[in-house]
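Now for the letters of each chain:
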Amino acid sequence: MKTPQQGFGGLGSIPSFLEWFGELGCFVGKFVRSTFSRPFHFQALLQQMHEIGTRSLPLVVLASASTGVVLSLHTRESLVRFGAKGLLPVVIVMTIIKESGPIITALIVCGRVGAGIGAQLASMKVTEQIDAIEASGINAFRLLVVTRILACILMLPLLTIVADLSGILVGWLANTLVEHVSLVRFIQDGFKQLTFQDLLPTTFRTAIFGFIIGLLGCFQGTRSTGGTEGVARAATSAVVLASLFVIVADVGLVRLIQIVFRP
Amino acid sequence: MTPPAQGNAVIRVESLFKAFGSLKVINDVNLNVNVGETLVVLCRSGTGKSVLLKLLIGLQQPDSGSIQMLGQEITQLAEKPLNEVRKKVGFVFQNAALYDSLTVAENVEFPLKYHTALTVGQRREQAMEILTRVGMQDSALMMPTELSGGMKRRVGLARALVLKPKIMLYDEPTAGLDPITSEEINELILKLQQEHAMSSIVVTHEMHSAQRISNHVAMLDQGSIVFDGNFSDMKNSDNKFVSLFIKNG
Chain Z
19 MKTPQQGFGG LGSIPSFLEW FGELGCFVGK FVRSTFSRPF HFQALLQQMH
69 EIGTRSLPLV VLASASTGVV LSLHTRESLV RFGAKGLLPV VIVMTIIKES
119 GPIITALIVC GRVGAGIGAQ LASMKVTEQI DAIEASGINA FRLLVVTRIL
169 ACILMLPLLT IVADLSGILV GWLANTLVEH VSLVRFIQDG FKQLTFQDLL
219 PTTFRTAIFG FIIGLLGCFQ GTRSTGGTEG VARAATSAVV LASLFVIVAD
269 VGLVRLIQIV FRP
Chain L
-16 MTPPAQGNAV IRVESLFKAF GSLKVINDVN LNVNVGETLV VLCRSGTGKS
34 VLLKLLIGLQ QPDSGSIQML GQEITQLAEK PLNEVRKKVG FVFQNAALYD
84 SLTVAENVEF PLKYHTALTV GQRREQAMEI LTRVGMQDSA LMMPTELSGG
134 MKRRVGLARA LVLKPKIMLY DEPTAGLDPI TSEEINELIL KLQQEHAMSS
184 IVVTHEMHSA QRISNHVAML DQGSIVFDGN FSDMKNSDNK FVSLFIKNG
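Residue numbers (this note's numbering), protein chains in the order written: chain Z, 19 to 281; chain L, -16 to 232.
It is worth saying that the hints were derived from the structure and are not from the lab.
One should not assume that every hint holds.
If you only want the chain Z side, here are some residues facing chain L, beta carbon under 8 Å, derived [claimed, not checked]:
1. THR145
2. ASP149
3. ALA153
4. SER154
5. GLY155
6. ILE156
In this text, a Cβ means the ideal position worked out from N, Cα and C, and glycines have one as well.
Throw the hints in and build the complete structure from the sequences for me.
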């Protein structure tokens, strides 16, 4: 078996690159089969949802709020220059809901959760904790991997909704500090052009980002080898690969949403 | 080597092979462990002893050969029946492999949580009972990182015992421990053997432990069994590796 560095992480050779994808494909297959087989560890899923969702909330809110401020300052300057200041609420709302909210949430979760999952599972593997779970007659894949990936899938859209709200509210705040606009007016103007076709697909595409983050964290973690060095490698490669895959998937998903949900 | 006599074998290994690439780790191994018997497998460090134990519990798949645990051929078993067999086998890992996010008591309760319908209180009661047996009742709320090597082994032993297994597998239970703690662990293994008539396989490289706890000794060299008999017979073996091991043991 190749280490992530020899394989995809290091792009060492075409066979190892293909081998990495092959193993990832088998891992996805195992995830699908295990998700729909019993027993289902509901309590462990709730625990992971708390770990992945609730604990990521402050970071996601802070990052999204900062983006809201920056977006408001930049956009205001540009729109004033072109005499289109009145479009500011709709530009902020559209930008946050359609792109910056989902992608910022995904990248923050990649950094916090992807690395965490990768390091935790790799550490459990090298210290034989995963073997100990299997040895006591419990399917470790179902307990550790399925619950983590599902928790990521479920929590990403919820975190994105919170991130969107935070970005929009702080965007309004930054705007109203320069020129007073009531919140109700800002929201009304901002959401006037927005339809469910804009809101739902863009928010729920983050479930796919969640799948990517959980999948790569678990995959890199469980195939880790080589003691503490392997743990560090698994954590780093989980973050790097998940971030990269999220950005690439975003390109494809945006285009797909445009095609499928064309008004 | 031909398989030893069957008797009331609870573990029966026949013509077992396992290789990693070109490295043969287990090479035509045949073993029998009878009810209540403790087999000590002696070998040098890093020569496939952990692999042998992992093969016995289905954590790794052999390249060929047969492994019967409690009358079931485990190399062919699907996940569910394999897990049923695993519930009857306790595995004590070399470095205890305690779950580092759980307390000592939660570690011991872990198999009960997933395999029994006991309430939280009943699980804790059973865990405390087992922890008392291994002398770790006062450390129930500690985290694994706060424990010494010997304490970890005891907790690992308690966790392996909690489902009342019929077979125990020990991977170097005394490696890296001081002589007094090693002796305490040996005593504990003997006590279990005597009180519950458990069948055990202990993999170690320590001659003293082998002498203290074994009914039956097998010696593994380069993946093959080079001696199979009792401890006193081993001293009369004319095998070069066995003589060298005894001389330096």
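- Item | Hint check, THR145 (chain Z) versus chain L [nearest Cβ-Cβ separation less than 8 Å] | Holds - the Cβ of THR145 (chain Z) comes within 8 Å of chain L, reaching about 6 Å at its closest.
- Query: Are GLY155 (chain Z) and chain L close enough, Cβ to Cβ, to be under 8 Å, as the hint says?
  - Reply: Given a least distance of 4 Å, the restraint on GLY155 (chain Z) holds.
- Message: For the restraint on ASP149 (chain Z), tell me whether the closest CB of chain L is nearer than 8 Å.
- Response: Where the cut-off is 8 Å and the nearest Cβ of chain L is about 5 Å from ASP149 (chain Z), the hint holds.
- Query: Does SER154 (chain Z) meet its interface restraint, that is, does its C-beta lie within less than 8 Å of any C-beta in chain L?
  - Reply: At 4 Å from the nearest chain L Cβ, SER154 (chain Z) passes the 8 Å test, so the hint holds.
- Is the shortest C-beta separation between ILE156 (chain Z) and chain L less than 8 Å? Nearest chain L Cβ about 5 Å off; hint holds.
- Message: Does ALA153 (chain Z) hold up as a contact with chain L if the rule is Cβ-Cβ below 8 Å?
- Response: Given a least distance of 4 Å, the restraint on ALA153 (chain Z) holds.
This entry satisfies every hint, going by the numbered hints stated previously.
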